[in-house]
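K.L.:
Could you build the full structure based on these sequences and the hints that come with them?
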Amino acid sequence: GENVEQHPSTLSVQEGDSAVIKCTYSDSASNYFPWYKQELGKGPQLIIDIRSNVGEKKDQRIAVTLNKTAKHFSLHITETQPEDSAVYFCAASVRSGGYQKVTFGIGTKLQVIP
Amino acid sequence: NAGVTQTPKFRILKIGQSMTLQCTQDMNHNYMYWYRQDPGMGLKLIYYSVGAGITDKGEVPNGYNVSRSTTEDFPLRLELAAPSQTSVYFCASNPGLANNGWQFFGPGTRLTVL
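Line by line, the protein sequences give chains A and B. Residues 101 to 214 in my numbering are what the first sequence spells out, letter by letter. Residues 9 to 122 in my numbering are what the second sequence spells out, letter by letter.
Hints were generated in silico from the structure; no laboratory data involved. Incorrect hints may appear among the rest.
As the list claims (entries may be wrong) - Where chain A lies over chain B, by a calculated footprint (3+ residues, C-beta under 8 Å): (1) 39-50; (2) 114-120.
What the hints assert, rightly or not - Derived pair list, reagent style DSS-like, types lysine-lysine, alpha-carbon separation capped at 27 Å: (3) A:Lys158 with A:Lys168; (4) A:Lys201 with A:Lys122; (5) A:Lys157 with A:Lys201; (6) A:Lys201 with B:Lys52; (7) A:Lys171 with A:Lys209; (8) A:Lys122 with B:Lys52; (9) B:Lys17 with A:Lys142; (10) B:Lys65 with B:Lys52; (11) A:Lys142 with A:Lys168; (12) B:Lys17 with B:Lys52; (13) A:Lys201 with B:Lys22; (14) A:Lys157 with A:Lys209; (15) A:Lys209 with B:Lys22; (16) A:Lys137 with B:Lys17; (17) B:Lys52 with A:Lys209; (18) A:Lys157 with A:Lys168; (19) B:Lys52 with A:Lys168; (20) A:Lys171 with B:Lys52; (21) A:Lys158 with A:Lys201; (22) A:Lys137 with B:Lys65; (23) B:Lys65 with A:Lys201; (24) A:Lys201 with A:Lys137; (25) A:Lys209 with A:Lys137; (26) B:Lys52 with A:Lys137; (27) A:Lys157 with B:Lys65; (28) B:Lys17 with A:Lys157; (29) A:Lys137 with A:Lys158.
Stated by the list, open to error - Calculated Cβ distances over 10 Å to all of chain A for the following chain B residues: (30) Ile20; (31) Gly24; (32) Ser75; (33) Arg85; (34) Ala90; (35) Gln111.
No residue lacks a Cβ here, since even glycine has one placed at the ideal position from N, Cα and C.
P.N.:
In structure tokens form, the structure reads like this:
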């Protein structure tokens, strides 16, 4: 089955600096890669996603890159702000029987220091 | 729309007790999921459903049961609570295969088994 590894597990950055979170996946059939942000006491919320036919996608201060050959994808947050502090999860999704099977990474706790 | 709602928010059970975690979505989504989240372990799929009357096991189904009598509701049942079931439980939904696996999550239920 799919295995998703996520690094680092914790990340501290100064406000205004950039943050990068990296994930690798094992199943070459995975075709969709969402990123979720989980604030304390809340459920994960989708912040950006990328499909396997796209190499990069950007939404304001957030960008995601995908390297299908190397089976890795990354989340980039620029000009970090204190409200970016949260746990971020990457995921890889593949069609499996009657549904889209999603495998999550273990999460990265991002702390933005004012 | 309220999205995905879960009740209760918190619960403490004694070993051997039973309970039902409630999940309701008002988005008319066909697919619904139950995950558990343990520290440093990411999200693990317990059960999923692709429509009313159809359920299937995920990665960690032992000790749990589900039913899906309506499109809106997807309750998770714990019959004989064990300390290993102490976790945060998230319900999620999505419209179906066409959206590639992007999921809407509820706020979670924090369960402690003593």
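K.L.:
Hints broken by the structure, by number, lowest first?
P.N.:
11, 13, 15, 27, 28, 35
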